[in-house]
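Chains A and B are the protein sequences, given in the same order.
Every number in the numbering used here is 13 more than the matching position in the first sequence, counting from 1.
Every number in the numbering used here is 13 more than the matching position in the second sequence, counting from 1.
Heads up, some of the hints might be wrong.
[To be verified] Here are the simulated SDA-like pairs of lysine to any residue, each with C-alpha atoms no more than 20 Å apart in a straight line: (1) A:Lys83 - B:Pro136; (2) B:Lys83 - A:Met103; (3) B:Lys83 - A:Tyr114.
Think of the hints as simulated: they come from the structure by calculation, not from any bench.
Protein chains: 2
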Amino acid sequence: LVPIVSVVGRSNVGKTTFLVKLIRELKSRGHRLGTIKHYRHDFEIDQPGKDSWRHAHAGSDVAVIAGPHKLALVQRLQEELPLEAIVAQMGPVDIVLTEGYKGADAPKIEVFRQGQSNDLVCPVDELVAIVADQHFELPVPQFDLDDVAGVADFVEGRYILGHASGPARQKESG
Amino acid sequence: LVPIVSVVGRSNVGKTTFLVKLIRELKSRGHRLGTIKHYRHDFEIDQPGKDSWRHAHAGSDVAVIAGPHKLALVQRLQEELPLEAIVAQMGPVDIVLTEGYKGADAPKIEVFRQGQSNDLVCPVDELVAIVADQHFELPVPQFDLDDVAGVADFVEGRYILGHASGPARQKESG
Numbered sequence: 014l015v016p017i018v019s020v021v022g023r024s025n026v027g028k029t030t031f032l033v034k035l036i037r038e039l040k041s042r043g044h045r046l047g048t049i050k051h052y053r054h055d056f057e058i059d060q061p062g063k064d065s066w067r068h069a070h071a072g073s074d075v076a077v078i079a080g081p082h083k084l085a086l087v088q089r090l091q092e093e094l095p096l097e098a099i100v101a102q103m104g105p106v107d108i109v110l111t112e113g114y115k116g117a118d119a120p121k122i123e124v125f126r127q128g129q130s131n132d133l134v135c136p137v138d139e140l141v142a143i144v145a146d147q148h149f150e151l152p153v154p155q156f157d158l159d160d161v162a163g164v165a166d167f168v169e170g171r172y173i174l175g176h177a178s179g180p181a182r183q184k185e186s187g
Numbered sequence: 014l015v016p017i018v019s020v021v022g023r024s025n026v027g028k029t030t031f032l033v034k035l036i037r038e039l040k041s042r043g044h045r046l047g048t049i050k051h052y053r054h055d056f057e058i059d060q061p062g063k064d065s066w067r068h069a070h071a072g073s074d075v076a077v078i079a080g081p082h083k084l085a086l087v088q089r090l091q092e093e094l095p096l097e098a099i100v101a102q103m104g105p106v107d108i109v110l111t112e113g114y115k116g117a118d119a120p121k122i123e124v125f126r127q128g129q130s131n132d133l134v135c136p137v138d139e140l141v142a143i144v145a146d147q148h149f150e151l152p153v154p155q156f157d158l159d160d161v162a163g164v165a166d167f168v169e170g171r172y173i174l175g176h177a178s179g180p181a182r183q184k185e186s187g
């Protein structure tokens, strides 16, 4: 199973900005990454009038644009897909990072910024780490908003390398 | 296996315009459609600066945007995927229509318009139909550029219904 880690937090707290930095950092370390951005409402992926999505607008259930270096696919859904069903479509990656999905079962890192809210959006027992501009008196690993390398170390050690070498490590400690 | 039909033709002959009409027509008849637009060069799917694709730009190998009614996925490729590999990713559809892929093995419908060229781009023995504003002295079914219903009947009868009821029909004629 591919490990999944969700980046959650209140609106406008800087989730995308933080996640973009984390993606760059983990990518520079050589990992294959999948990412999922969750929208509660419908979204538009098209550049209006652009040829490439005219098929999708015409009513195609699954519209693909295929090039030599990239494949883009837009699929109409009868109902929202659960996280696991999406991950199953993603092909081989070392880890999947999601933005949103605070209701799902994956381990969560909450991004927090003062002024945007006074408390965390997730119950502390669902959090594996907090990335914030203040310290919380909570038994959870905490990182500064700028400490992307620290969070990358944490994610890498616990979910990517730990995942890949899981059985071997168990053996060592036994 | 999902039937595949490719719409081919020279540049600026109106392939997308024709295919968009055919998609609408087949969709209105209740079929589940997959479509693939083939680009020989790289393409841009992003709306620059839009949040949704910042993950992909940051280096994600597979970037998904997931909403209640739509799923969009952008996958980086080491090398171009063959048509069959793409179709395998598309989920359950009744037919896949492609724009381009004139080098692939699928049955082809050529769109032709006077003034854009003097001859067909595909060898006649690869064509299952011609959609044009002139008649060719060739042993291939031919349709007017405006005869979308006629082409839809042809595709439906030969590839969608024929496909679904293939064994039953064989039995009847035996």
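Practice task
Enumerate the violated hints, using their earlier numbering and listing them in ascending order.
Solution key: Number 1 only.
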